[in-house]
Amino acid sequence: MFYGNVLQIRFIISILLLLTALILSLSTADCINNPFKVFHNLLTSDSQSLNLAILWQIRMPRALFALVTGISLSVSGYILQVLTNNCLADPFIIGIASGAGLFSILGLFCGLSCQLLPAIAFLGSLLTCVIVLKLAHQNQLINSTRLLLSGFAISSLCSAVMTLLVLLNGNNLKVMSLLYWLFGTLANKTLADLNFPVLIAILGVSLTLYLAKALRILNLGISSASNFGLNVPKLQLSLLILAVLMCSSVTAYCGIIGFVGLISPNIGRKIFYQDERYQIMGTAIIGSIIVVVADILTRITIPGQDLPIGSVLALIGSPFFLYLMNEYNFEN
Amino acid sequence: MNNESIMHLEVIKLNIGFKSEILLGNLNFSLTTGEILGLIGVNGVGKSTLLKTIMRKIKPSSGLIKINDKDINHYKLKDFAKLVNFLEQNLAVSEYLTVKDLVKLGRNPYQKIFQWQLSDFDQSIVKQALELLDLFKVADMPLSKISGGELQRAWLGSVIAQGSRFLLLDEPSNNLDINHQLNLSRILKHIAKQNIGLLVVSHDLNFLSKVTDKVILLNCDSRYNHIFGSTKDVLTQSNLEAVFKLKFKHLGNQDFLLDYHNG
Chain A
252 MFYGNVLQIR
262 FIISILLLLT
272 ALILSLSTAD
282 CINNPFKVFH
292 NLLTSDSQSL
302 NLAILWQIRM
312 PRALFALVTG
322 ISLSVSGYIL
332 QVLTNNCLAD
342 PFIIGIASGA
352 GLFSILGLFC
362 GLSCQLLPAI
372 AFLGSLLTCV
382 IVLKLAHQNQ
392 LINSTRLLLS
402 GFAISSLCSA
412 VMTLLVLLNG
422 NNLKVMSLLY
432 WLFGTLANKT
442 LADLNFPVLI
452 AILGVSLTLY
462 LAKALRILNL
472 GISSASNFGL
482 NVPKLQLSLL
492 ILAVLMCSSV
502 TAYCGIIGFV
512 GLISPNIGRK
522 IFYQDERYQI
532 MGTAIIGSII
542 VVVADILTRI
552 TIPGQDLPIG
562 SVLALIGSPF
572 FLYLMNEYNF
582 EN
Chain U
90 MNNESIMHLE
100 VIKLNIGFKS
110 EILLGNLNFS
120 LTTGEILGLI
130 GVNGVGKSTL
140 LKTIMRKIKP
150 SSGLIKINDK
160 DINHYKLKDF
170 AKLVNFLEQN
180 LAVSEYLTVK
190 DLVKLGRNPY
200 QKIFQWQLSD
210 FDQSIVKQAL
220 ELLDLFKVAD
230 MPLSKISGGE
240 LQRAWLGSVI
250 AQGSRFLLLD
260 EPSNNLDINH
270 QLNLSRILKH
280 IAKQNIGLLV
290 VSHDLNFLSK
300 VTDKVILLNC
310 DSRYNHIFGS
320 TKDVLTQSNL
330 EAVFKLKFKH
340 LGNQDFLLDY
350 HNG
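These protein sequence lines map, in sequence, to chains A and U. For the numbering used here, add 251 to where a residue sits in the first sequence, where the first one is 1. For the numbering used here, add 89 to where a residue sits in the second sequence, where the first one is 1.
Just so you know, these hints were derived from the structure itself, not from any lab. One should not assume that every hint holds.
Taking lysine to any residue and the SDA-like style, the derived pairs with C-alpha atoms no more than 20 Å apart in a straight line are [claimed, not checked]:
{"id": "1", "chain 1": "U", "residue 1": "Lys146", "chain 2": "A", "residue 2": "Asn394"}
{"id": "2", "chain 1": "U", "residue 1": "Lys167", "chain 2": "A", "residue 2": "Gln366"}
{"id": "3", "chain 1": "A", "residue 1": "Lys521", "chain 2": "U", "residue 2": "Tyr185"}
{"id": "4", "chain 1": "U", "residue 1": "Lys278", "chain 2": "U", "residue 2": "Gln217"}
{"id": "5", "chain 1": "A", "residue 1": "Lys440", "chain 2": "A", "residue 2": "Ser428"}
{"id": "6", "chain 1": "A", "residue 1": "Lys521", "chain 2": "U", "residue 2": "Pro231"}
{"id": "7", "chain 1": "U", "residue 1": "Lys167", "chain 2": "A", "residue 2": "Lys440"}
{"id": "8", "chain 1": "U", "residue 1": "Lys146", "chain 2": "U", "residue 2": "Lys167"}
{"id": "9", "chain 1": "A", "residue 1": "Lys485", "chain 2": "U", "residue 2": "Lys165"}
{"id": "10", "chain 1": "U", "residue 1": "Lys226", "chain 2": "U", "residue 2": "Leu240"}
{"id": "11", "chain 1": "A", "residue 1": "Lys521", "chain 2": "U", "residue 2": "Asp229"}
{"id": "12", "chain 1": "U", "residue 1": "Lys165", "chain 2": "A", "residue 2": "Asn482"}
{"id": "13", "chain 1": "U", "residue 1": "Lys171", "chain 2": "U", "residue 2": "Thr122"}
{"id": "14", "chain 1": "U", "residue 1": "Lys141", "chain 2": "A", "residue 2": "Leu392"}
{"id": "15", "chain 1": "U", "residue 1": "Lys148", "chain 2": "A", "residue 2": "Ile393"}
{"id": "16", "chain 1": "A", "residue 1": "Lys485", "chain 2": "A", "residue 2": "Leu458"}
{"id": "17", "chain 1": "U", "residue 1": "Lys155", "chain 2": "U", "residue 2": "His97"}
{"id": "18", "chain 1": "U", "residue 1": "Lys201", "chain 2": "A", "residue 2": "Asn470"}
{"id": "19", "chain 1": "A", "residue 1": "Lys485", "chain 2": "U", "residue 2": "Ile202"}
{"id": "20", "chain 1": "U", "residue 1": "Lys108", "chain 2": "A", "residue 2": "Gln389"}
{"id": "21", "chain 1": "U", "residue 1": "Lys141", "chain 2": "A", "residue 2": "Gln391"}
{"id": "22", "chain 1": "U", "residue 1": "Lys167", "chain 2": "U", "residue 2": "Ile147"}
Restraint-style ranges between C-beta atoms, simulated for each label pair [said to hold, decoys possible]:
{"id": "23", "chain 1": "U", "residue 1": "Ser208", "chain 2": "A", "residue 2": "Asn256", "range": "17 to 25 Å"}
{"id": "24", "chain 1": "A", "residue 1": "Ile260", "chain 2": "U", "residue 2": "His279", "range": "21 to 29 Å"}
{"id": "25", "chain 1": "A", "residue 1": "Leu458", "chain 2": "U", "residue 2": "Asp229", "range": "27 to 35 Å"}
{"id": "26", "chain 1": "A", "residue 1": "Lys385", "chain 2": "U", "residue 2": "Met230", "range": "37 to 45 Å"}
Glycine residues also receive a C-beta, built at the ideal position from the N, C-alpha and C atoms.
Put together the whole structure using the sequences plus the hints.
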């Protein structure tokens, strides 16, 4: 096929871009160092052990977390955009973020240790999504309007309770660190933290690729999809579960990192048009490039201070969102 | 396609309604493979609802729909897709899907969910469908870039490629110019000859009178009295005037012309 080659070349280029971004991320402390020097020093310097420790225990987990976060958030955004038939959907519209936030605050107040927070946040987001899903169900199908509306309502409710709790306990140090988590952060992670998100990301992306043709059919609308012999209710449910798992597994560790899930599927579809398998893989790679680069920016913008990645992404993401709004035909 | 066996789609004492209100009552008709059945009625009488009920998208309040003496609800999803297919009135558009890819999707019920490569047999069917509907010129264009008539034909191509034994077509002559409408009559007859049963909704009485073997005339005044029979018997001046409340003039050759002066 004639467009097959074009897509392959674009795919290879985006992988190369991602590798470059990752190498830069590994070489970045307060500012971007010359990668060749960094790796050269690693191999030759006397204080080898210290340099290796910095690379393996600080920069490597950070870069890998950025990679996994980008992949999971963007693929789950891709799925939700198909399910809601709306290119402005984002994985957080179904209440994942506020559910995770509310539960971790409640967990802190109940005196749970910080190590348990990811688990609590994960459970919280799952619980919120189950409620939203129940509300969105109609005639055994997930109604996209109901999904968007009930997701919005439940998220607002959770955020309202969360804000109240934070305001009433503003001087609590733990709550302050939680607020930092809410804005999204990739700092202070260990390689061991990666196990769960990586497992879910691999599982999620491979299952999404497995269902790529079904996604192509689902793009033509629920009604047509069943004419093609697809089991739409089962498909919708499994896709939604995949999206929720991917998004909440990284949110539990890294907090709310918005806009990646919205931007990257839109770029991915434009670049890798006409083949959903490439669209999915491309979306994942573009998402991870965006997060890795944004993470570098959080470190170098103000030397010595880590900005929350959520706000850096929102700074870049909001103008893009407005651009999309102008381009997108709202008549459909 | 080996479509040698004859199949029957039977609708028996079907009642369709929302809540307590009856939309279509006591509907009886049958369609055999190889036949073309027309469905006529005023707007809102429930033509699309009837098609959706046969497609199992809407549950009837009572009554039975059977294919080969088996209740349609007892067929598995993929088997049902191979038996009955539906060309909807609102056709989806996509910037990312080409006409050829849409027609290829018609072979989905015969494939595994992760299978993208078509078998040689499936590929030949896709080619036949593209040829039958004169779609080679636009085969590599995305659905969003083609005209309304081409979109109609692209979807019809996909429906045909699926090779179901019964096709329900909701206003297939919409959006088609006179040439393509004539072509459509030829195509529908060609499909029926391959031993496929067609149920066609249309507001174009001339088109239906030329194409169909049988007709159901849905009556919106009395929702229990629908007229079903051969085209010649049903499309009479008196029947049409009763249903549409307009004067009809017979032009010979089974054609009708609407007279716009009421009474």
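Q | Violating hint indices (sorted, rising) | A | 2, 7, 24
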